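Residue numbers (our numbering), protein chains in the order written: chain A, 1 to 239; chain B, 1 to 307.
Mixed in with the good hints, there may be bad ones.
Unchecked claim - Take a look, some chain A residues computed to stay more than 10 Å from chain B by CB distance: (1) Ser125; (2) Asn128; (3) Leu134; (4) Lys135; (5) Ile137; (6) Leu138; (7) Asp141; (8) Asn172; (9) Val173; (10) Glu199; (11) Gly213; (12) Ser223.
Claimed, not checked - Some but not every residue of chain A turned toward chain B, in silico, with C-beta under 7 Å: (13) Asn124; (14) Ala149; (15) Lys152; (16) Pro192.
Stated by the list, open to error - When the alpha-carbon atoms are kept at most 30 Å apart in a straight line, the in silico DSBU-like pairs for lysine-lysine are as follows: (17) A/Lys197 - A/Lys210; (18) A/Lys113 - B/Lys220; (19) A/Lys131 - B/Lys205; (20) A/Lys135 - A/Lys150; (21) A/Lys135 - B/Lys125; (22) A/Lys109 - A/Lys135; (23) B/Lys220 - A/Lys150; (24) B/Lys46 - B/Lys205; (25) A/Lys152 - A/Lys210; (26) B/Lys137 - A/Lys131; (27) B/Lys137 - A/Lys135; (28) B/Lys125 - A/Lys131; (29) B/Lys137 - B/Lys125; (30) A/Lys197 - A/Lys151; (31) B/Lys205 - A/Lys135; (32) B/Lys220 - B/Lys137.
By construction, these hints were calculated from the structure, which means they are not laboratory data. Here the structure is a predicted model, which is why all the values come from computation and not from measurement. Each residue gets a CB set at the ideal place from its N, CA and C atoms; glycine is no exception.
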Amino acid sequence: MATATATAISGGFGGESRAVLAPSASVLPAPRRRASAVSSSKAQFSSFLRGQSCNLMLTPKHICIEQQSCSKSSTRTFALSRNDFSPITQDVEGFLHNIVNMGFLDRLKLAWKIIFPAPNTKDNSNANIAKQRLKMILFSDRCEVSDEAKKKIVENIVEALSEFVEIESRDNVQVDISTDAGLGTVYSVTVPVRRVKPEYQESEEQYRGKIVGVDFKDTGETSGSVDVTFDFFVPNKNY
Amino acid sequence: MAFSPRLLPATPPSRCPPPASSRHGGRTAPELSGPTPRVVVVTSGKGGVGKTTTTANLAASLARLSLPAVAVDADAGLRNLDLLLGLENRVHLTAADVLAGDCRLDQALVRHRALHDLQLLCLSKPRSKLPLAFGSKTLTWVADALRRAANPPAFILIDCPAGVDAGFVTAIAPAEEAVLVTTPDITALRDADRVAGLLECDGIKDIKIIVNRVRPDLVKGEDMMSALDVQEMLGLPLLGVVPEDAEVIRSTNRGVPLVLNDPPTPAGLALEQATWRLVERDAMTAVMVEEQERPKKKVGFFSFFGG
């Protein structure tokens, strides 16, 4: 989550809105909202960027979904813990709970598997590499779109997007077709954005969202970092 | 004088069983299903995967089962089917001559000496001027003429040229079914997928695959994709899996179709089984040969943890 936020901020300051791996120390509500506004345009049209880690990809998408559902945003309790930014989500907590309930020998086995993972030779076999490549190439061959259609897609998207943001330069817009193992064929249009148009820009002074249910797990007095859980409410007509 | 058709009543679909064959579970012959003649195009997209070999052997198998078959070499520029059947010296008249009106259709058909039910038709002489005169309706006309002949064949097998250009379009025009030959490598599969798309666009929905040149040792060592993988990728029913066999080369050199070997070789057996399935409109399901778990590397105490 934290990384995605930093990404969106850098996107908002005139760079191309691409994912950038940048660490961020703490997260405040305001930048997160701005992140949402800017990253929504990015996430909607460029929902997949190659070569990046999974986590990065999922989170902008989730922000987008939250926006579109236009209701109380789901409590994605991300508790930034300690100095390392490893967001412990509810899934991980559940996993740890399950482990505690396992028997001793099972836990021992699990520990062995974690510490000494079995070498995964099967996935690197030539046949499997060929299968993966073939899947990708079959998907993209089957879904190949004509050049004319690509131009029209770009035009339509730029037109739709320029209602909300100012496009940096129309010539730098790129269309790519790629395949993703989970999603299938993915069309991505990458649009460099200069800035969000004033009427759609979120700013700190006039945020229309509301934070409810703040819960400080760690106020930072002893450990040096803040651990906050909150619910963020976004009313319907806001963008 | 051009071939003059005579209208005849349609032949009954079923056929009486011919000589006993002990290799098929006691049954003497496959049951022909569907109206005859069945026009099947053997295509692949990529060259060199074994179309012509497959066509020759399927036709020979059919003839041996006493199902009259006509093998048509639809490659107008480069002719190979006659070599595989050992009939290269006997081809004098081709479909080009028939269309030009120089001879009758039955004069252009070459009958195999050993297999009386097998006939070959070549599209044109290789040395002649490039066949720009061939339209896409050429083979449709040939198929119709064969249908109206005195003894219509049960099967018309069309050996398609490689590629997806005009020759391909001509070859698939009269066909109602297709046999897609492919090898388990990534290039052939990509082309096969493309060809399958083109066939479906053209209205041929009955497409079955033959996976050729499979090396079981490489499949086991996970270096080559298996027939199951191929079927998964392409999503089409499987007609047969033919292993790589040196006998293919020998039989090509001799000019005798592989399926006539006695005792039969693995490739010959596979092709014969494919023929049965073709006749009965059946398909096979590929199975994982060995669904075994990873061999235990550590034995003894540590296998308890790492196993």
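Going down the list of hints, with the structure as the test:
Distance check on serine 125 of chain A: its Cβ comes as close as 3 Å (rounded) to a Cβ of chain B, failing to clear the 10 Å threshold; non-interface status is violated. For asparagine 128 of chain A, the condition that its CB be more than 10 Å from all CB atoms of chain B is violated, with the nearest at approximately 7 Å. For leucine 134 of chain A, the requirement that its beta carbon stay farther than 10 Å from each beta carbon of chain B is not met, with the minimum near 5 Å. For lysine 135 of chain A, the condition that its CB be more than 10 Å from all CB atoms of chain B is violated, with the nearest at approximately 7 Å.
The Cβ of isoleucine 137 of chain A sits about 6 Å from the closest Cβ of chain B, inside the 10 Å cut-off, so the non-interface label is violated. Remark: the non-interface label on leucine 138 of chain A conflicts with the geometry, its nearest Cβ contact in chain B lying 5 Å away (cut-off 10 Å). Separation of aspartate 141 of chain A from chain B is inadequate, the least Cβ-Cβ distance of about 7 Å not exceeding the 10 Å criterion. Listed as a non-interface residue, asparagine 172 of chain A keeps its Cβ farther than 10 Å from every Cβ of chain B; the least gap is roughly 32 Å.
Every CB of chain B lies more than 10 Å from the CB of valine 173 of chain A, the least distance being 29 Å, so the non-interface label holds. Look at glutamate 199 of chain A: its CB is around 47 Å from the nearest CB on chain B, clear of 10 Å, so calling it non-interface holds up. Taking the minimum C-beta to C-beta distance to chain B, about 44 Å, the non-interface status of glycine 213 of chain A holds against the 10 Å cut. Against the 10 Å criterion, serine 223 of chain A stays outside the reach of chain B, whose nearest CB is about 36 Å from its own CB.
A least Cβ separation of about 9 Å between asparagine 124 of chain A and chain B goes past the 7 Å threshold, and the interface hint is therefore violated. Taking 7 Å as the C-beta cut-off, the interface hint given for alanine 149 of chain A is violated, the closest approach to chain B being about 18 Å. Hint on lysine 152 of chain A is violated. Least Cβ distance to chain B is approximately 23 Å, over the 7 Å limit. Among the interface hints, the one on proline 192 of chain A is violated; its C-beta lies about 34 Å from the nearest C-beta in chain B, farther than the 7 Å criterion.
For the hint pairing lysine 197 of chain A with lysine 210 of chain A, the CA-to-CA distance comes to about 23 Å; that is within 30 Å, so the pair holds. Distance check on the hinted pair: lysine 113 of chain A and lysine 220 of chain B sit about 27 Å apart at the alpha-carbon level, within 30 Å; holds. About 25 Å separates the Cα atoms of lysine 131 of chain A and lysine 205 of chain B, which keeps this hinted pair within 30 Å; it holds. The straight-line distance between the Cα atoms of lysine 135 of chain A and lysine 150 of chain A is roughly 23 Å, inside the 30 Å bound, and the hint therefore holds.
The suggested pairing of lysine 135 of chain A with lysine 125 of chain B is violated, with an alpha-carbon distance near 41 Å, which exceeds 30 Å. Note on lysine 109 of chain A and lysine 135 of chain A: the hinted pairing is violated, with a Cα-Cα distance of about 35 Å set against a maximum of 30 Å. About 43 Å separates the Cα atoms of lysine 220 of chain B and lysine 150 of chain A, which puts this hinted pair outside 30 Å; it is violated. Distance check on the hinted pair: lysine 46 of chain B and lysine 205 of chain B sit about 20 Å apart at the alpha-carbon level, within 30 Å; holds.
In summary, the hint linking lysine 152 of chain A to lysine 210 of chain A is not supported, as the alpha carbons are separated by about 40 Å, beyond the 30 Å threshold. Restraint check for lysine 137 of chain B and lysine 131 of chain A: not satisfied, since their Cα atoms lie roughly 38 Å apart, outside the 30 Å limit. Among the hinted pairs, lysine 137 of chain B with lysine 135 of chain A is inconsistent with the structure: their alpha-carbon atoms are about 36 Å apart, more than 30 Å. A distance of roughly 41 Å separates the Cα atoms of lysine 125 of chain B and lysine 131 of chain A; the hinted pair therefore is violated under the 30 Å criterion.
The hinted pair formed by lysine 137 of chain B and lysine 125 of chain B meets the criterion: a straight-line CA distance of about 19 Å does not exceed 30 Å. Among the hinted pairs, lysine 197 of chain A with lysine 151 of chain A is consistent with the structure: their alpha-carbon atoms are about 25 Å apart, no more than 30 Å. Between lysine 205 of chain B and lysine 135 of chain A the alpha-carbon distance is near 22 Å, which keeps this suggested pair within the 30 Å criterion. Between lysine 220 of chain B and lysine 137 of chain B, the direct Cα distance comes to roughly 46 Å. Violation of the 30 Å bound is thereby established for this hinted pair.
Hint compliance for this structure: hints 1, 2, 3, 4, 5, 6, 7, 13, 14, 15, 16, 21, 22, 23, 25, 26, 27, 28 and 32 are not met, and every other hint is.
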